Amino acid sequence: MIQKTNIFICVFQRAFLVLWMAIVCFPASAQTALVPDTAFRVFLSKTYPATIDVNNKLVISEAAKVGPVINGSGAAIKNLEGIQYFTSALTINFSKSSLKFIPDLSNLRKLEVLNLSGNQLTSLPFLSSLGRLQILNVSENKLVRLPDLSSNDSLIELNVNTNLLDSLPNLSKLIRLERLYVFKNNLKKIPGVEALVTLKDVGCMFNELENFPPLNKLQNIRFFNAAHNHLTVPPFFGLNSQILLLDVSNNLITTLPDYSSYTSMTTLNVWLNKLTFKELLKTTSVVNYLKTVLYTPQKPIKAGKAVTLSEGSPFTFQTGIDTGVANVTYTWFKNGIRDTVVAKDKWTLPYVQLKDSGSYMAQLSHPAFPGLLLQTDTFHLAVQPCVDVSTISTITSEINCLSTGTLKVLTSSGNQVSVYRIKGKTSGKTYASANGSFEGLTEPSYLLTLETNYGCGKNYTKEVQIPFIKCDDYVITPDNDGHADSFFFEAKGKVDIFDKRGNLVKRMNIPGEWDCFSENGKVARGYYMANINDGEVQIGLTVAY
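Here the sequence shown is numbered in the numbering used here, starting from 12 and rising by one per residue.
Derived by calculation from the structure, the hints in this document are not laboratory data. Keep in mind it's a predicted model, so treat the numbers as computed, not measured. A hint or two may mislead.
Distance condition first, Cα-Cα at most 25 angstroms in a straight line; then the derived DSS-like pairs of lysine-lysine [as the list claims (entries may be wrong)]:
#	residue 1	residue 2
1	Lys-345	Lys-310
2	Lys-228	Lys-289
3	Lys-419	Lys-357
4	Lys-289	Lys-316
5	Lys-345	Lys-357
6	Lys-200	Lys-310
7	Lys-345	Lys-313
8	Lys-199	Lys-121
9	Lys-228	Lys-153
10	Lys-199	Lys-228
11	Lys-121	Lys-107
12	Lys-153	Lys-89
13	Lys-503	Lys-517
14	Lys-195	Lys-285
15	Lys-293	Lys-313
16	Lys-357	Lys-289
17	Lys-440	Lys-419
18	Lys-316	Lys-345
19	Lys-511	Lys-419
20	Lys-57	Lys-68
21	Lys-310	Lys-289
22	Lys-436	Lys-419
23	Lys-228	Lys-184
24	Lys-313	Lys-355
25	Lys-285	Lys-199
Work out the full structure, taking the sequences as your base and the hints as a guide.
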């Protein structure tokens with residue numbers, strides 16, 4: 012019996028020894044984990060050697076002991092798989108590395124500070140179980156979205172600067188948040204910011220923010236920087252805010268609230284907006300405003316327009332800026348050169364000339380704001396000739412033995428001609444017409460001038476020529492005295508004889524003799540014109556009895 016007992020004890024001891032060796036030499040797989048990133052594995056083996064076994068695996072039980080701070084900043088790690096087992100860590104810092112992947116961090120329930128800034132992350136895991144997290148810094152990454160943060164109500168600081176975010180989750184549940192940094196993204200709004208009553212410092216510059224909701228509840232705010240956005244109205248924090256610095260520079264702001272109750276404010280930066288003196292004068296009630304308010308320069312204010320006029324027309328430049336504000340001086344520039352200074356928002360050119368064409372802009376100054384010149388955008392003034400003589404044409408009829416000449420002046424629709432004047436080159440006599448039509452012309456050459464309602468006149472570049480057909484004049488005395496009783500046409504062909512009214516009185520073949528008779532008998536005395544062969548020759552005939 013004793014021998015059997017000894018054999019049993021011996022067998023049991025050997026089995027226990029084998030089991031112990033198996034446990035020591037071959038740990039259970041549940042106690043280790045892979046660390047796929049070589050750089051991370053090297054970092055752990057050097058910094059926390061107990062966490063990596065001989066097989067280059069993570070010893071989970073050892074990882075759980077590491078803390079309170081894990082600082083791997085600059086370690087060139089791409090994959091942080093394995094960090095989820097460091098459950099005692101209060102602070103994890105892997106900033107300025109090469110991180111592209113972060114595993115599930117839901118087991119790191121003690122974590123208070125997570126710094127993953129300066130990496131290449133495009134997304135983050137869910138962080139809702141990190142109820143103790145106070146500081147989250149994921150700035151300078153490539154994040155296009157953030158996870159829901161509504162459960163992370165212990166957050167004191169949230170830093171997502173310099174990412175690719177075009178939206179944020181609603182932040183209204185972050186009731187302890189004091190510092191919010193979201194600058195250099197593509198944000199158009201910050202959801203829930205109006206509910207963050209503990210906020211002290213906000214940096215949201217270099218975004219696309221267009222407006223803020225009323226921020227009256229943010230009575231703890233001290234620094235608010237919203238520069239380089241698309242704001243048209245700056246934020247307002249209610250009356251008697253204790254804010255120290257408000258920067259809304261480089262926006263599109265055109266109006267300002269009354270900040271006179273912000274007696275603690277040391278800096279109000281409103282430069283590079285589109286503020287007029289009417290709005291800027293509101294800041295003179297701020298304590299020590301010339302030192303507190305940064306107001307210069309401002310962006311050009313849209314006021315200009317393109318105008319095309321005919322020379323001689325009146326034109327008034329007007330900006331529409333600060334028209335009713337006292338002590339504003341307007342300095343006008345033409346093509347970059349100072350032209351005139353006026354005390355009112357009107358500069359009138361009573362008669363514009365061709366030389367007035369150009370680009371104009373105005374600078375406004377006010378004695379309350381030394382060094383500030385408000386500037387308009389550009390007024391483009393194009394002055395055209397009051398009459399474009401290159402478009403003028405004429406229609407004339409001839410002067411002949413029977414009739415005087417006529418002239419019709421034709422102009423394009425763009426020429427606003429009110430008076431047409433011609434002057435006989437030989438006689439010097441002048442004639443005027445409102446419609447460009449002239450009759451009874453007896454001279455072969457005239458000078459033409461065209462005038463507008465504004466008194467501008469242009470000379471037609473050519474002399475107006477009226478065709479002139481010279482007549483040979485003869486007298487017929489059909490009294491049978493044997494002298495000039497008829498007229499003999501020597502030419503061959505035909506002749507048409509007209510009275511002075513242009514009525515045909517006789518048509519006959521020639522050569523032949525006209526004895527002052529028509530088909531109706533002897534013609535009356537007076538002047539007649541003989542047209543030989545359809546204008547080949549014209550002869551004036553005076554019949555006298």
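Structure-based check of each hint:
1. Lys-345 with Lys-310: Distance of about 19 angstroms is within 25 angstroms: holds.
2. Lys-228 with Lys-289: The hint is violated at about 29 angstroms.
3. Lys-419 with Lys-357: violated (42 angstroms)
4. Lys-289 with Lys-316: OK: Lys-289 and Lys-316 at ~22 angstroms, within 25 angstroms.
5. Lys-345 with Lys-357: holds (15 angstroms)
6. Lys-200 with Lys-310: holds (23 angstroms)
7. Lys-345 with Lys-313: holds (17 angstroms)
8. Lys-199 with Lys-121: violated (34 angstroms)
9. Lys-228 with Lys-153: violated (32 angstroms)
10. Lys-199 with Lys-228: Holds. Lys-199 to Lys-228 sits at ~21 angstroms (cutoff 25 angstroms).
11. Lys-121 with Lys-107: holds (23 angstroms)
12. Lys-153 with Lys-89: Status holds; Cα separation ~14 angstroms.
13. Lys-503 with Lys-517: Distance ~16 angstroms between Lys-503 and Lys-517 Cα, so the pair holds.
14. Lys-195 with Lys-285: holds (22 angstroms)
15. Lys-293 with Lys-313: holds (21 angstroms)
16. Lys-357 with Lys-289: holds (18 angstroms)
17. Lys-440 with Lys-419: holds (18 angstroms)
18. Lys-316 with Lys-345: Given that 25 angstroms is the threshold and the Cα spacing comes to 14 angstroms, the pair holds.
19. Lys-511 with Lys-419: Distance ~23 angstroms between Lys-511 and Lys-419 Cα, so the pair holds.
20. Lys-57 with Lys-68: holds (14 angstroms)
21. Lys-310 with Lys-289: holds (15 angstroms)
22. Lys-436 with Lys-419: Holds. Lys-436 to Lys-419 sits at ~18 angstroms (cutoff 25 angstroms).
23. Lys-228 with Lys-184: The given pair, whose Cα atoms are some 14 angstroms apart, holds under the 25 angstroms limit.
24. Lys-313 with Lys-355: holds (18 angstroms)
25. Lys-285 with Lys-199: Roughly 20 angstroms separates the two Cα atoms, so the pair holds.
In summary, the numbered hints that this structure violates are 2, 3, 8 and 9.
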